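What follows is each chain in one-letter form.
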Amino acid sequence: MYTESTLLLGVLLTPLISAVVIALFLRKQGDIAAYLSCFSALAIACLSIQLFSIIPTGQEIYITIFKDYFQMGTFSFDLGFLINPDTLTLLFVVSFVGFWIHIFSLGYMRTDDGKARYFGGLSVFMFSMLGIVIADNLIMIFIFWELVGFSSYALISHYFKTEKAANASKKAFIVNRVGDLGFLIGIVITYWQFGTSNLLELQSIIGLEPSSTNWIIAALLMCGFIGKSAQFPLHVWLPDAMAGPTPVSALIHAATMVAAGIFFLIRIEFLFTPDVLNVIAWMGTLMAAYGGLCAITQSDIKKILAYSTLSQLGYMAAAFGLGYPGLALFHLATHAFFKGLLFLGSASVIHGCHHEQDIFKMGGLAKKMPFTTVTFAIGIAALAGVNYLSGYYSKDSILVAAYAEHTMIFWILMGSALVTAFYMGRLFWIAFFGSPKSKNAKNAKESPFVMILPLLVLSILALFGGKVAMWPENLSMSFLSDYRLINGLSDSILEDAYHQGHTLLKSIGTLAWIFGILGSLFFYGLGSKNDNLGIRMPSLFRFLDSKLLIDEFYLWYVKKVQQKLADFIHLMDLLLIGGLCVRGTAGFIGLLGYISRALHTGSIGAYVFWFASGLLLFWAYAIGIFS
Amino acid sequence: MKNVDLLLPLSIIIPALAGIFILLSKKESQGFWKSFTYIGFGFPLFSAIVLYSQFDETIHYNFKMKFLTGLEDFGITLHLGLNGISMPLFLMAGIVGFASGIYALQAKAERIRLYLFLLLIMQSGLMGVFSSIDIFFFYFFHEFALIPTFVMIGIWGGVGSRSTAMEMAIYLTLGALASLVGLLVIYTNSGMINHSFDFIALSHHLSNTPLETVLQQNIYGILLFGFGILVSLFPFHSWAPKSYSAAPTAAAMLHAGVLKKFGLYGIIQLISPLLPEGAAHWATILGWLALGNIVVIGLATISQTDLKQMVSYSSVMHMGYAFLGIASLNSIGTGGAVMLMFGHGLSVALLFLLTTCIYHRTDTFDMADMGGLASKAPVLSAFFITATMAGIGLPGFANFWGEFAVFIGIWGNESIQWMLYPAALGIVISAIYGLRAVAKVFYGQPSVNFQKHMEANTVRDLTTSEKIPALILIFSLLLAGFYPGFVSNLINRDIDGFKPDKIVEGIEQPATSIYLSHMESKNGQ
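So the sequences go chain by chain: A and B.
The first sequence begins at 1 in this note's numbering and counts up one residue at a time.
The second sequence begins at 1 in this note's numbering and counts up one residue at a time.
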């Protein structure tokens with residue numbers, strides 16, 4: 001126990017120390033800050049590997065490191081770690097992918113002015129993200145949850161001089177807080193319902209009495225997931241978050257943080273009721289389709305990938321909602337590999353093209369940037385689900401699961417798979433082939449070795465990461481049972497269904513990506529200048545490009561409803577409370593003073609008059625006129 | 001009596017004495033009055049830290065001391081001491097006082113010695129408020145600290161500050177008067193043979209022979225009105241935004257940060273334990289008013305275009321959480337309110353300080369006339385973002401624990417349970433106005449006016465003398481944020497009513513606070 005807790009503390013505190021040192025001493029020494037941050041990422045990766053090697057397969061370890069960390073009256077909670085195969089899998093993804101993205105950043109941010117700020121932000125992020133992964137109770141998860149939100153805010157606003165980054169960072173934080181609002185209320189109610197927020201205790205209470213959980217708690221906690229994993233209706237922040245540096249998009253807004261929502265769902269799976277699971281399944285399915293369709297009309301390379309991330313998160317949510325958390329986690333891991341790779345590839349392209357992000361202004365990059373092109377192609381193939389690559393195993397498992405559970409969901413997800421291949425093909429053919437369409441693209445050059453190396457490493461993972469046998473057993477435990485179940489490798493009632501449908505499903509899945517990639521080639525052609533969809537089917541293009549006007553709706557709400565209401569309330573506050581009540585009272589008292597002052601005129605005549613009327617009044621009272 | 005106990009009265013006297021010396025000194029002898037400023041503000045902080053470290057958890061009131069005042073016939077003695085609730089606030093007063101003091105030194109106000117004198121008088125009163133066991137002196141020290149605020153706003157405030165100072169003076173005096181009436185009614189009706197203002201004696205007596213229910217309810221109502229005005233409870237808040245915008249920075253820091261907590265402190269430490277029936281009676285109404293603070297004032301904060309006004313409104317808004325904690329009627333929520341008072345005092349002082357630093361660089365408080373300041377003043381921008389994050393309750397800062405405990409507490413009181421939903425909206429509202437301000441002031445490109453201003457003046461980053469007070473506040477916020485037990489253990493010890501056996505035997509007693517036992521007896525009926 002001792003070594004595990006030391007290792008875990010090491011994993012958690014290394015990035016924190018790195019961030020503190022950078023903030024205090026290395027603000028102006030960008031290079032040292034960068035090396036320190038990378039070194040801490042390396043240390044995390046090494047400590048994690050050490051941890052994998054000492055934890056026996058399938059063991060669940062819980063360590064309380066700080067009893068009664070915060071105590072108030074009858075409420076108290078401890079800091080602790082809960083390690084199970086799920087944790088180890090995500091720990092591997094975060095530390096390993098995180099490390100390579102740190103390395104990549106060395107090249108990408110080499111000439112940036114705010115280098116120290118950037119790497120300090122990465123370290124804060126690693127700290128908070130690892131906290132979510134190993135936390136053993138809801139409150140601790142919430143704390144780190146908010147902190148990743150903050151580090152995401154800080155990193156999106158890296159290019160703070162641009163209006164775009166300023167707005168995007170604000171939007172990301174506020175939208176996330178809307179989700180956290182439900183999460184927070186959910187935690188409070190959970191605490192009062194069960195008397196604890198510790199995951200293991202909750203699990204055992206609910207295990208004994210399944211009826212003690214209810215849909216309200218599940219739905220409230222789900223809000224946290226909706227915000228962080230950018231699901232409908234809080235998905236609007238993720239595409240905008242692309243205003244941050246591209247390696248940040250790779251790390252935070254594709255591979256790890258947004259996936260933390262899925263991980264959180266898996267962590268609290270036992271709290272969910274069937275109806276809420278059903279909602280999540282449908283929400284994920286529709287997001288898979290929506291994200292894919294939105295990606296088709298984008299021309300910014302990062303936005304295409306961002307909508308693709310939304311769509312893939314939808315797949316994970318669907319898998320979870322259908323009752324296969326293991327498959328969601330498996331897809332989370334492979335997605336982290338290939339989407340991390342794709343984002344880093346796009347970063348390499350953007351770097352090579354002098355910060356050009358419009359794919360219609362690129363073209364012909366295949367010749368100029370051969371390494372980037374090859375690795376990018378691998379990423380696309382893995383994402384599209386080309387047979388025997390990583391995405392194929394995880395996505396097809398989800399499709400099979402959907403087929404077994406719900407036909408409608410299956411067909412929507414299958415359609416989305418086709419769309420995925422289509423928009424990725426579009427991006428690939430337009431940006432990498434044909435002739436350069438701008439000066440920036442003409443002058444593009446291959447990125448330096450420090451950026452190519454992470455691409456190579458991640459493409460190896462994207463190629464082979466889906467082979468379950470390649471995974472260390474204590475990690476793959478997390479998804480193995482669901483995976484075996486779905487692929488007919490274990491004895492179950494599903495086996496027959498599997499054998500009947502599997503060949504067919506496999507063929508449909510294969511056809512989907514072939515049609516998608518070839519279809520986009522025929523439709524758009526190599527390195528085309530304009531968006532053929534916009535030319536051939538302008539109304540369809542406009543419809544897809546409107547993205548159901550959700551962003552416009554929020555903008556209208558913020559500008560016309562929220563702001564107007566706030567202004568109105570402020571005015572009422574000034575007029576009614578500050579004016580009428582406070583000033584009014586003061587005025588009334590002033591008036592009384594004015595009247596009584598008027599009585600004291602100083603002239604004898606007036607006093608005689610008042611004396612006489614008083615006498616009259618007294619007399620009237622005495623004879624009983626008033627009674 | 002141990003020697004360390006002497007620090008308590010000294011931390012009240014020394015600032016006042018230092019102030020008088022400064023007033024009497026010559027303007028030319030800068031070294032003289034500067035060093036007295038350091039002594040006057042440094043000593044309370046020093047003694048607060050020493051007292052914190054010497055605090056004995058097994059004793060109810062630490063560092064007790066009694067001074068005869070000649071008013072013993074009325075039951076008035078200067079009785080000082082600290083318990084688990086007042087100790088953190090005493091420490092907070094020391095920290096905020098020191099930060100505002102050294103900030104005031106470099107602010108270069110006109111008539112600087114008078115300015116420092118008034119500030120030191122405030123500081124002296126503040127240390128007295130939290131260390132008085134005697135209710136009379138608790139009230140006395142509050143007035144002692146309040147009067148310099150009016151004067152400072154009147155003299156050093158901006159345009160129209162005279163009428164603002166007047167309005168604030170009248171309004172707050174009304175509040176203070178109402179609370180005085182309430183306290184006097186408790187005093188006269190306590191039924192003690194020798195009438196006493198001593199809180200310990202009163203609480204012993206009243207816990208055995210409580211006041212009649214109706215009387216409790218009426219007194220509590222009056223006190224809630226009076227204290228409510230002082231803490232800017234909705235709808236008695238109108239004075240706050242105006243006064244803080246007009247007040248000179250150091251005074252705003254001390255008033256919004258520390259002095260305003262007087263009312264909350266009075267309710268939590270004195271009134272609710274003495275009048276539990278009254279607290280129960282008014283809880284729902286208090287909850288409604290607190291929601292007014294959070295939602296109504298929160299929305300009004302979003303509408304602000306003036307940075308200092310926004311900070312002022314936000315400080316009014318956050319008082320709603322503290323009141324909700326009190327309305328929860330349980331130790332979780334009430335303790336959370338104390339925790340929040342600690343955090344809020346530090347964070348709002350930091351915000352006022354940094355707002356003035358921004359003003360010195362932009363020459364305006366209008367956020368529309370700023371923009372892009374982060375590239376000119378990166379440290380200022382990092383500090384301001386930190387302060388904003390602390391204010392909106394990000395984990396890692398003291399405020400988070402306060403707000404969180406309040407949220408937990410609300411759900412524990414079934415009659416106001418539903419208020420959790422609208423109250424939690426506050427975390428979104430505060431994020432909206434906080435981050436908007438950051439984006440408008442620091443991000444993007446400079447506005448046209450600010451561009452012009454920058455061409456005419458050089459805009460520098462924070463100077464060292466501005467950095468130091470800010471760093472002190474940030475450090476304290478982070479300390480209590482990362483190690484909440486630093487503050488919460490003390491609060492937790494006393495929030496249920498102090499039970500010595502709980503600590504000595506190390507056995508967790510069932511919660512039998514005055515509140516809880518009251519609630520239980522009600523449910524039993």
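Hint data in this document are derived by calculation from the structure and do not stem from the laboratory.
Honestly, I wouldn't trust all of these hints.
[Unchecked claim] Anything over 10 angstroms on all C-beta distances counts as not near chain A; from chain B, calculated:
1) K64
2) R111
3) T334
4) G409
5) L435
6) T458
7) T464
8) K467
[Claimed, not checked] Part of the chain B face toward chain A, derived, beta carbon under 8 angstroms:
9) V4
10) Y171
11) T305
12) S331
13) G335
14) P395
15) W418
16) Y421
17) P422
18) V428
19) I432
20) A439
21) S488
All values derive from a computational prediction rather than experimental measurement.
Note that CB positions come from ideal geometry on N, CA and C, so glycine has one too.
Do the hints match the structure? See the list:
1. K64: holds, 26 angstroms
2. R111: Holds: least Cβ distance 30 angstroms, greater than 10 angstroms.
3. T334: At roughly 8 angstroms from the nearest Cβ of chain A, T334 of chain B sits no farther out than 10 angstroms, so the non-interface label is violated.
4. G409: violated, 8 angstroms
5. L435: violated, 5 angstroms
6. T458: Check passes; 19 angstroms lies beyond 10 angstroms.
7. T464: Label holds. Min Cβ-Cβ 15 angstroms, cutoff 10 angstroms.
8. K467: holds, 12 angstroms
9. V4: violated, 27 angstroms
10. Y171: At 7 angstroms from the nearest chain A Cβ, Y171 of chain B passes the 8 angstroms test, so the hint holds.
11. T305: violated, 10 angstroms
12. S331: It holds, given that the least Cβ distance between S331 of chain B and chain A is near 3 angstroms, below 8 angstroms.
13. G335: Result: holds, 4 angstroms to nearest chain A Cβ.
14. P395: Holds, about 4 angstroms.
15. W418: violated, 11 angstroms
16. Y421: holds, 7 angstroms
17. P422: Violated: closest Cβ of chain A sits about 11 angstroms from P422 of chain B, beyond 8 angstroms.
18. V428: With Cβ-Cβ at 5 angstroms, under 8 angstroms, it holds.
19. I432: Nearest chain A Cβ about 6 angstroms off; hint holds.
20. A439: Since chain A brings a Cβ to about 5 angstroms from A439 of chain B, closer than 8 angstroms, the hint holds.
21. S488: At 6 angstroms from the nearest chain A Cβ, S488 of chain B passes the 8 angstroms test, so the hint holds.
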